[in-house]
Amino acid sequence: AQSVTQPDIHITVSEGASLELRCNYSYGATPYLFWYVQSPGQGLQLLLKYFSGDTLVQGIKGFEAEFKRSQSSFNLRKPSVHWSDAAEYFCAVLMDTGNQFYFGTGTSLTVIP
Amino acid sequence: ETGVTQTPRHLVMGMTNKKSLKCEQHLGHNAMYWYKQSAKKPLELMFVYNFKEQTENNSVPSRFSPECPNSSHLFLHLHTLQPEDSALYLCASSNRDRRTEAFFGQGTRLTVV
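Listed in order, the protein sequences are those of chains A and B. Mapping to the numbering used here: the first sequence position 97 is 120, numbers consecutive. Mapping to the numbering used here: the second sequence position 81 is 82, numbers consecutive.
You may find that some hints are simply not true.
[Said to hold, decoys possible] Restricting the straight-line Cα-Cα distance to at most 27 Å, the calculated cross-link-like pairs of lysine-lysine (DSSO-like) are: (1) B:K53 <-> B:K23; (2) A:K72 <-> B:K42; (3) B:K19 <-> B:K53; (4) B:K53 <-> B:K37; (5) A:K72 <-> B:K41; (6) B:K41 <-> A:K84; (7) B:K42 <-> B:K19; (8) B:K23 <-> B:K42; (9) B:K23 <-> B:K37; (10) A:K84 <-> A:K72; (11) A:K72 <-> B:K37; (12) B:K37 <-> B:K19.
[Stated by the list, open to error] If you want the footprint, here are the derived chain A segments under chain B, 3+ residues with CB under 8 Å: (13) 40-51; (14) 118-124.
These aren't lab readings, by the way, just hints derived from the structure by calculation. Here a beta-carbon is modelled for each residue, glycine too, at the ideal position from N, C-alpha and C.
Just need the whole structure built from these sequences, with the hints factored in.
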């Protein structure tokens, strides 16, 4: 069965520090990969996506993610975190057949001054 | 603004009430989804519609009844809910053919009293 794992439930970083959020997936072929961000009480906003090509993808708000096929990973990174980045982050995959999106359990990010 | 609009944003209902959640998208998408997001739980896919046809029903209780009259509108009819049904209900849409990301609405915060 397909699955998405975000091993870190909660992460706290200092403002200005770098950030890496982990995501691993279980799927036989290369899926389509996404990172979403959710502020409290809001819907999910797409940060970036990977379909094919360059394995390092750039997104909005200064985020980037790298697809590593050998590790079945799609980790999200940001070189310098801002207080406004505090939110819940979700990794998601879409198989190349069907249209069901599988989401990880999310990582809650706290940013301290 | 993601192009997916959900109404109402907040809803309080008694266990004997009947209410409906509405979702509307004008993105030209042909797939629509209902997700349930409860506190401290992962996103739960409830229903998937492709071209107005329901293709997924993830063991959702019959007190939740979806309706998709056309590819732009999706409803979730609610009746005799339980307090544990209180959650954020998220609607999303995507283009099944072009394999786009899912676009989410802002959600409806439902409280069952």
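We went through each hint and held it up to the structure:
no. : hint            : verdict
1   : B:K53 <-> B:K23 : holds, 15 Å
2   : A:K72 <-> B:K42 : holds, 24 Å
3   : B:K19 <-> B:K53 : holds, 23 Å
4   : B:K53 <-> B:K37 : holds, 20 Å
5   : A:K72 <-> B:K41 : holds, 25 Å
6   : B:K41 <-> A:K84 : holds, 26 Å
7   : B:K42 <-> B:K19 : holds, 25 Å
8   : B:K23 <-> B:K42 : holds, 23 Å
9   : B:K23 <-> B:K37 : holds, 14 Å
10  : A:K84 <-> A:K72 : holds, 14 Å
11  : A:K72 <-> B:K37 : holds, 23 Å
12  : B:K37 <-> B:K19 : holds, 18 Å
13  : 40-51           : violated (count 0)
14  : 118-124         : holds (count 4)
Hint 13 from the earlier list is the only one contradicted by this structure; the remaining hints agree with it.
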